[in-house]
Amino acid sequence: MKKLLEDAETFYRPKLRPSGHDISRRFADNNGGAIPSNLLQIPNTESNTPYQRHCASVGVKPHPARFPEKLPTFFIEFLTDPGDTVLDIFAGSNTTGRAAEKLDRRWIAFEKDRAYLAASAFRFVDELPSEDLAALWSRLRSDDLPVKVNRLLREMVLREKASAYSAAPKRK
Numbered sequence: 001m002k003k004l005l006e007d008a009e010t011f012y013r014p015k016l017r018p019s020g021h022d023i024s025r026r027f028a029d030n031n032g033g034a035i036p037s038n039l040l041q042i043p044n045t046e047s048n049t050p051y052q053r054h055c056a057s058v059g060v061k062p063h064p065a066r067f068p069e070k071l072p073t074f075f076i077e078f079l080t081d082p083g084d085t086v087l088d089i090f091a092g093s094n095t096t097g098r099a100a101e102k103l104d105r106r107w108i109a110f111e112k113d114r115a116y117l118a119a120s121a122f123r124f125v126d127e128l129p130s131e132d133l134a135a136l137w138s139r140l141r142s143d144d145l146p147v148k149v150n151r152l153l154r155e156m157v158l159r160e161k162a163s164a165y166s167a168a169p170k171r172k
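Going letter by letter, the sequence shown gives residues 1 to 172 in our numbering.
Check the hints yourself; a few may be wrong.
With a straight-line Cα cutoff of 27 Å, these simulated DSSO-like cross-link-like pairs (lysine-lysine) come out [as the list claims (entries may be wrong)]: (1) Lys-61 / Lys-3; (2) Lys-102 / Lys-70; (3) Lys-15 / Lys-2.
Keep in mind the hints are simulated off the structure, nothing from the lab.
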């Protein structure tokens, strides 16, 4: 913040962020504040995650307000035990569901926008050919899925992945 205050033009440009948050010139005002000792310092610098690559591969716009997986991981570890259920009522790209899955928690995710809900499946797929990702995307967009995602979505992705592998030519 001190560097920003010294030379705001170098570190910051006022503009509307992809999340819709409007940051004005007042962001660079020196209010004499301090960083509290309990601040979670988790950078949001991911630019080439599997989720983003899969979205690009299929031509799908990724959710604009993604946050780093370390953020929900911190709270899930702090507030729950393995086997507990984590609820995310504004799932977006389902970063919280992915973090819960890695920490052996069950999870339920709600998302209003069906496109974001369908694309959230890409959080649970490691690497698949573009054609298989496109088929998965198409199926998730067209199936009569409820606007609730839980382990059933994960099982669906794993079945899709398994069928893609079983259809692939066998190596000798």
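Each hint tested on the structure:
Under the criterion of a C-alpha separation no larger than 27 Å, the hint pairing Lys-61 with Lys-3 is inconsistent with the structure, at around 34 Å. Of the pairs offered as hints, the one joining Lys-102 and Lys-70 holds, with about 11 Å between alpha carbons and a cut-off of 27 Å not exceeded. For the given pair, Lys-15 sits about 21 Å from Lys-2 by alpha-carbon distance, which is consistent with the 27 Å threshold.
Going down the numbered hints, you'll see the structure goes against just number 1.
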